[in-house]
Amino acid sequence: MGVDLIFKIAAIGITVTVLQQVLERSGRQDQAMLTTLAGLIVVLLMVLGEVRNLFDTIKTLFDL
Amino acid sequence: MIEEITGVCLIAIIAAILSMMLKKDRPEFSSLISIMAGVIILFLVLPAARSAAEMIMTISEIAGINTDYIEVIIKSCVIAMITSVSASTCRDSGNSSLAMKLEIAGRVAIIILAVPVINTLFNVILSVIK
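So the sequences go chain by chain: A and B.
Note that the numbering used here numbers the first sequence so that position 15 is 15, with each residue one more than the last.
Note that the numbering used here numbers the second sequence so that position 121 is 121, with each residue one more than the last.
Just chain B, with the same shape it has in the complex:
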């Protein structure tokens, strides 16, 4: 990741300048350039994110936490990342209502993902009450 950070910075600067150049004549190409730059940057970052997630899993394993819960947290982080990237792309293209619906979809997906954890929590609470 340390070696790739300079490349990420350069790609962002180049994409910003190129999309500024095309903004006046071809606004659709300008937003496509920024989408492409975002995809390339995420591709460069993805292996490091995977190793960070693995590190968190091993630490929680050592600490004796059930890894199923940590996996739910990591998956919801990934869902939030994907939906917020797509939503900010929509917002950049001037379609903020679509961005809001996309964010709602991401929240629903995260809630569905967290249903087993919420169920176990409620079972613990019910057993305490009884």
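Pulled out of the complex, with its shape left as it was, chain A reads as follows:
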């Protein structure tokens, strides 16, 4: 748990951007769109797991 998760998300974002541009230049619009979607889902799963972890910790800490 630290700042490396932020760097991971930024790296995935940059990779997805580059891949999307390369695929759009070579005329594969559908694959570019799927790449964007896959990157977004991967990052969303990471973030949602951490958010759930945080809310569970708050619940147990303050016995809500």
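Please keep in mind that the hints were generated in silico from the structure rather than gathered at the bench.
Nothing here was measured: the structure is a model prediction, and the numbers come from that model.
For glycine and all other residues, C-beta sits at the position ideal for the given N, C-alpha and C.
Be aware that one or more of the hints could be misleading.
Partner residues aside, some chain B positions facing chain A, computed with beta carbon under 10 angstroms [to be verified]: (1) Ser-19; (2) Phe-43; (3) Ala-105; (4) Val-115.
Model the placement of chain B on the given structure of chain A, informed by the hints.
Positioned in the frame of chain A, the structure of chain B alone reads:
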């Protein structure tokens, strides 16, 4: 908390710069970076918040106040914190109507939490009137 405050500041600055970098091409990744930074900062702050709440409980115990009421206050603070964090995330993503509904949900939860305290207050008032 004193040692962690520098880390919190650094995480906030790094996340702000990274999300600024991705804002033009990938706005959704930019808001996910800020959500992640918020989660990490709250994780770092949480133990200190817990010890502050415990300190308030011990002080009220010494002062002879019923700790049930203090517990209700602390729990409503936590609910307000969670809902306002989520609502400001929604507002950052440009969905302010959802943020407002989330704030309404938080208020309802706090009112439901405070029902026993309000009931005892009304009972005291009724006994005074009679």
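Results of checking the hints against the structure:
A least Cβ separation of about 8 angstroms between B:Ser-19 and chain A falls short of the 10 angstroms threshold, and the interface hint therefore holds. A least Cβ separation of about 6 angstroms between B:Phe-43 and chain A falls short of the 10 angstroms threshold, and the interface hint therefore holds. A least Cβ separation of about 14 angstroms between B:Ala-105 and chain A goes past the 10 angstroms threshold, and the interface hint is therefore violated. The restraint placing B:Val-115 at the interface with chain A is violated, with a minimum CB-CB distance near 15 angstroms, outside the 10 angstroms limit.
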